[in-house]
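Work out the full structure: start from the sequences and follow the hints.
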Amino acid sequence: MLELRGVSYRYPGYATQVLRDLDLTIADGEIVGLVGANEAGKSTLCLVASGLAPASIGGRLTGSLLIDGEPMTGRAPHELAERVVAGFQDPATQRSGVAATVFEEVALGPMNLGLAVAQTVGRTRAALAALGIEALAERHPSRLSGGQSQLVALASLLVMRPRHMVLDEPAARLDPAGTNLVAGAIRALAATGAGLLIAEHRTDLLDGLCGRIVVLDGGCVVLDGPAGEVFADDRIEGFGVEPPARIRLARALAARGLDPALIVLDADATPVRGVASPDPAAAPSAPA
Amino acid sequence: MTAIEIRGLTHVYPDGTRALDGVDLVVPAGQRLAIVGQIGSGKTTLVRHLNGLLRPTAGSVLLDGLDVRSTHVARLARQVGLVFQDPGAQIFSSRVRAEVAFGPRTIGLRGAALEAAVDGALEAVGLTDADALNPYDLGLSRRKLLAVASILAMRTPVVVLDEPTTGQDARGTARIRRIVADLAAEGRTVITISHDLRFVAEGFERVAVMGRGRVILDGTPETVFAEPSWPVLASTSLEPPFAARVGARLGLGSTPTEASLIEAIASRSAEAGSRRGSS
Amino acid sequence: MRSGSWLRVGLGVWVAASVALAGVLLTGSFAGTVDAATGAYTGVANTVMLILAVALLAGFVVYAAVEWAQTRSLHSISSQFGTRTIVLMPIAIAINIVLGQTVASALKIPIYLDSIGTILVGVLAGPIAGMLTGLLANLIWTFVLAGTPLGSPYAWPFAIVAAEIGLLAGIFGRLGFFRSRPNTPMPQLVAGTAVAVLVLAALAYWGILPAYTKGVTFFGDLSAVSPFFQLVALGIAVMLVLAMVGLVVIVLTRRDLGVAFIVVAGASCGVVSALIAAPIAAVFFGGVTGSGTDFMVAAFQAAGSNLHDAVVQQSLISDPIDKTITYVIVFLLLRTLSRRFLARFPQGEQAVGLVEDQG
Amino acid sequence: MGLVPVTPGPSLVDAGISPADAALLRRLVPAMPTAWHRLNPLTKATIAAGESIGAFVLGGYLGPLLILALVIVPSAVVARVAGRLLRVSILVSLPIAVSVVLVTVFTRAGPTVLFTIGPFVATLEGADFAGQVLVRLLVLATALGLFGMTTEPRALVFDLERRGVSPRLGFAAAATLETIPAMAERAAAIQAAQRARGLDTEGGIRARLRGVLPLVVPVVLSSLTEVEERSLALEVRAFGRPGHRHLLWTIGDAAWERPVRWGIVIAVIGVGVARLAGAWPHIP
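Residue numbers (the working numbering), protein chains in the order written: chain X, 1007 to 1294; chain E, -6 to 272; chain A, 3 to 361; chain G, 4 to 287.
Read the hints as simulated data drawn from the structure, not as lab findings. Check before you lean on any hint, since a few could be wrong.
Said to hold, decoys possible - Short derived list, chain A residues pointing at chain E, Cβ under 8 Å:
no. : residue
1   : R176
2   : T338
3   : S340
4   : R342
By construction, the Cβ of each residue, glycine as well, lies at the ideal position given by its N, Cα and C atoms.
Right under this line is the structure:
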């Protein structure tokens, strides 16, 4: 369980509070989506939730970060590493730059923890298998596609066996092929039972993946609830968040006086053929 | 205004990779063109020929009939403004305003004209009240808008945007769409490279699909995203926009944008309604 | 500092002093006289400077060894090296190698500019981090990059010079020489510039000119000196005056006294580096570096200086220019940096004078 | 000296590692085709440093040439890199060699004149000094070239870490390999971006001077952004944790290699002190 209680934070050298008296709880195994306009504080929240702010960055945190009820104040970053980890946008800067193979890159974390070679090898194999990238084990980490590099970065986090993972726009810099790879990987991470907090603009990626959605505006949590409810809430556009396609289309149809049910999408947001085909017989009584 | 003619353009990099393999593309002045295709299909290489950063190995690039090779790069910058994908590759001033002023000042603007160009560009990207800030105190999204502003201020007849919507939120993308529309309204040619096919379908009148260094499909969003073209899109690992997929599934023909999809459904229902009314 | 650390520092200083003394006695530098036969000037200054640098390094090694013996760890040193400083090092080394070559080739003048990264680390992360980065940079340039096109087998002897550059940059950074002082009031501006010009003149008079006029005072009898050297000394004097006039103009127009501070710091680092690098270049490479400055060495030798003096005379021209330009570039860089970066480095905010209440 | 057989491969702790994993770990170890490659990296580094400092300390022609003939060349033959080593060493030392000849031959004062070209007088002493410097440079280039071609930098860094050097310093050294090419690419991309905004980089000195800051500042600023992101990514993987790490693989260190290393160090220091104290006989 990861908790932020009454958290406010400002960066070193700056007076403005970027997060203001914010509460957030992520239960074990829960997948939470974090949305909000740019500079609403999403990245800062990710840094605070992973303990990097203030442990690594410095700055001023009031309130507390608790993991399984234990306050993390004053802990060094490496003490947090087995509890909560953070992933970032750019696959290149998440590479250590000192490993000649993907296997050694992923094994870096356990080695830093001082584990015995047998344990490091075991954990690394498990992490590569969980994300389905065993085939990349002996490839050079800098000669992979954007999507593959991001998967290696996620494996390098999973190998730490954290209870919580915070991912700040993991697919932001990827092409469609890479984005699909990462979306699949996130589902695999969810299946390992780790709690996930994922910051992302494209609500379609979060729709159907996250149980809960938190909306951030001006450094405060303004909405926190089940994904279906939050995405259907009309206020989110005011917070600079665009609802997923299915809701946009439903609203557009309703605005034209048509029945929103004309377009029905199955779980992974692909249009279902037939059900909504406006066959005169099956068409509901469209308003005259 | 500037029309662009690209004839049989081929480019082979020193390490032997054949990035462009005979590209033919004519872009009339004032057109909004989107170039799409997977990473490595030659998109960025192509646009770098427009402002002379790269020289053709074979073929030619003409700006208003003038061969790019005969013009000095610094002077080409007056005609073709190129906004790079990574804002960090350009920003070097300690104030937003000074950063935007760099381009126009380098091509010779001074005094009131310079200030007007800067103000106009800051206004277009919504950074008017942030002009005294340090560019690195802006978030990544506003830094990208700053990079766009620094090119807009040069008032070039051709503006090229490389992946403008990456990392932008809904408001940022909407602002970029407005900028594209305003530029087109002023009769300037706008070319973008983008993976965001919804932004492409909604904001551009022509789409050139590139695959392995060639233009493999060229047409309006309606034709390029229609179901018959899907195999070609797949060959350069592109997925048609969501609205196009829904439209095809519902047998409504080509609906590249959500607006066109709703329109098609509305007309289909009205038609069904009238048939039932008359039977 | 706790008692243990007094012991370490005391031992380190004692060893450094003894190494310096032994060095001087061994090479008999203090007896520096004008060499009767060729009238050449036995370069007292540079051998002393080299000995001091070696002594400093020996003192540092002893300090570290004692700390290791006491605590089985090098905490007082490694704590200076947070993750951020360690990650900055390879990037600083890459900046040295890549940026130095790109800018030097862009400007097409024979300066090295290969210490921008080392100076940056010194200012942002502190003197010891700067020193170690300088040392590591040259060793890596030779050993780790050996066999690659970028590697240079001739970089490692100058590791000690790079260490000194990093150390000085760290000290100047801590003392605030890199602080921009925008729109300083006019009286302070004039006073500050005057002091800077005086310091530069003194630095030139005692540091640079002696190597060219064979120990003869500027206004004294010039006849004993070969005409070639009179010309060179005159040329340097004119160049220095021009530089100072330029400095005054820049400081007054930009109203930033910081420029005066940084030029003084750059020039002094240039002189110190020249004095240390000269003997190394002479001993290891016969005074040759393969770059444009070799022709100056040849010219001085043709005019009668022996190898040692010729190299000193050459580096006393090129190093101060190179280091001053590098210091000014780093100064302008720091002025552009947003607090977002500076605040996260151990000495970042202190170097640029943004120390805000952290409370 | 380099022909003595080396103990088999890297030492692998086989406790609790499956055969498949053990095979994988062996594949991680850089290829070491010859006996010379299989020497411990620190030994090869000490040999390279010993050869180059020895050449300077011995001075003259005989010393450096003996080092070259009796140590460097045979080792290069054993390591099967002799051809490439010669080519690369010549290439690397050519620019500096040309300067040495020009500077010393023509400017060193000396009684015996060989020939004169215009104002320049070539003296025998000049040629002799130039010859000595050239031989030293050749030894330096070949010694370090041989080390570079037969040792994977990461092997040296891991070996030093095994001996107690902090992994953080090892990281700084090893990370340079990937950082430098990336920095070169970034500088080129930035120069392209600024030229796209009208910055003229081929003009006169004033134009070029104006081009310095628009190139230097973005390179440094974007590097500092990268430092920030890299630091966070490493902290999250417990990079900051003090203490010993169990490395996946290390290069074996044969029993005889330690005395050889110390022998080289002592020999070079001995000759150096003797030379300083003037007790060393002058050999040409």
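**Request:** With chain E as the partner, please determine if R176/A meets the hint condition of a C-beta pair closer than 8 Å.
**Result:** violated (23 Å)
**Request:** Report holds or violated for the interface hint on S340/A, using the least CB-CB distance to chain E and a cut-off of 8 Å.
**Result:** With a closest approach of 4 Å, the S340/A hint holds.
**Prompt:** How about R342/A: closest beta carbon in chain E under 8 Å, or not?
**Reply:** Holds: closest Cβ of chain E sits about 6 Å from R342/A, inside 8 Å.
**Request:** Have a go at the T338/A hint: is there a Cβ in chain E nearer than 8 Å to its own Cβ?
**Result:** holds (4 Å)
Hint check: a violation occurs at hint 1 only; the rest are consistent with the structure.
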